[in-house]
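Participant: As a plain string of letters, each chain reads:
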Amino acid sequence: QSVLTQPPSVSAAPGQKVTISCSGSSSNIGNNRVSWYQQLPGTAPKLLIYENNKRPSGIPDRFSGSKSGTSATLGITGLQTGDEADYYCGTWDSSLSAGVFGGGTKLTVL
Amino acid sequence: QVQLVESGGGVAQPGGSLRLSCAASGFIFSNYGMYWVRQSPGKGLEWVAFIQNDGSKKYNADSVKGRFTISRDNSKNTVYLQMNSLRTEDTAVYYCAKEIVYYASGTYYDWGQGTLVTVSS
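Chains as they are written, first to last, in my numbering: chain F, 1 to 110; chain X, 1 to 121.
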């Protein structure tokens with residue numbers, strides 16, 4: 001059981017929009033910045049969103065992030081089959097003095 | 001561009017040891033914190049350890065406390081993970097990752113390709 005809670009799976013049709021939630025507590029999401037990672041099959045994770053809503057260079061604006069209280073959300077618009085991957089949220093937990101991740105969400109583009 | 005290249009993975013027996021290395025290039029290594037993160041087969045990401053840019057602060061996951069030690073050599077642009085008293089549940093791909101700042105903010109900005117550690121008799 002992960003410190004951060006994500007839905008195990010989400011799905012949507014090509015061209016549609018999907019959101020992935022990440023729920024935590026005051027010691028992690030509530031007081032620290034959230035990042036999101038995409039892991040395509042057989043590859044290393046890649047940073048999609050950092051500091052709640054910033055995109056590294058090269059990440060398309062179809063990907064967005066937001067945070068409210070102790071929850072965060074990743075949004076993906078204009079879904080493509082190439083977006084099929086596992087998505088993870090992550091942050092630091094100040095009480096545990098530990099890095100924490102969500103359990104991951106598998107995105108299926110139908 | 002940033003490159004992180006892990007090495008040192010392989011097969012070890014339960015109770016054995018391995019030392020992983022992560023060679024960094026493309027950025028001022030001594031300015032950034034560094035992490036080790038692992039992923040067991042078919043499972044999610046698990047944070048393992050963090051070391052601040054100057055080595056003054058280190059944190060370990062409870063699952064590896066007392067067995068794994070993170071260290072760095074800024075003159076060699078390399079971060080290490082010494083793994084002792086290995087258990088079968090330590091079997092995983094181990095990734096090193098770069099922070100965006102010198103301290104632990106929980107942001108893994110760049111990742112290596114990973115190195116596989118298999119603990120089996």
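Treat the hints with caution; some may be incorrect.
Claimed, not checked - Calculated pairs, PhoX-like style, for lysine-lysine (alpha carbon to alpha carbon, straight line, at most 25 angstroms):
no., chain 1, residue 1, chain 2, residue 2
1, X, 43, F, 106
2, F, 106, F, 54
3, X, 76, X, 57
4, X, 76, F, 106
5, X, 58, F, 46
6, X, 76, X, 58
7, F, 46, F, 17
8, F, 46, F, 106
9, F, 106, F, 17
These are calculated hints, taken from the structure and not from any lab test.
None of the values given here were measured: they were computed from a predicted structure.
Participant: Could you run down the list of hints and mark each one as holding or not?
Facilitator: Now for the hints, and whether the structure bears them out:
Simply put, residue 43(X) and residue 106(F) have alpha-carbon atoms about 12 angstroms apart, close enough for the 25 angstroms limit, and the pair holds. Between residue 106(F) and residue 54(F) the alpha-carbon distance is near 22 angstroms, which keeps this suggested pair within the 25 angstroms criterion. With a CA separation close to 19 angstroms, the supplied pair residue 76(X) and residue 57(X) stays within the 25 angstroms bound. This hinted pair does not check out: residue 76(X) and residue 106(F) have alpha carbons roughly 38 angstroms apart, beyond 25 angstroms.
Proposed proximity of residue 58(X) and residue 46(F) is supported: the alpha carbons are some 24 angstroms apart, at most 25 angstroms. Restraint check for residue 76(X) and residue 58(X): the C-alpha separation of about 19 angstroms stays at or below 25 angstroms, so the hint holds. For a cut-off of 25 angstroms, the pair hint linking residue 46(F) to residue 17(F) stands: about 20 angstroms separates their Cα positions. Restraint check: the Cα-Cα separation between residue 46(F) and residue 106(F) comes to about 15 angstroms, which is no more than 25 angstroms; the hinted pair holds.
Among the hinted pairs, residue 106(F) with residue 17(F) is consistent with the structure: their alpha-carbon atoms are about 15 angstroms apart, no more than 25 angstroms.
When the structure is compared with the earlier hints, a violation turns up for hint 4 alone.
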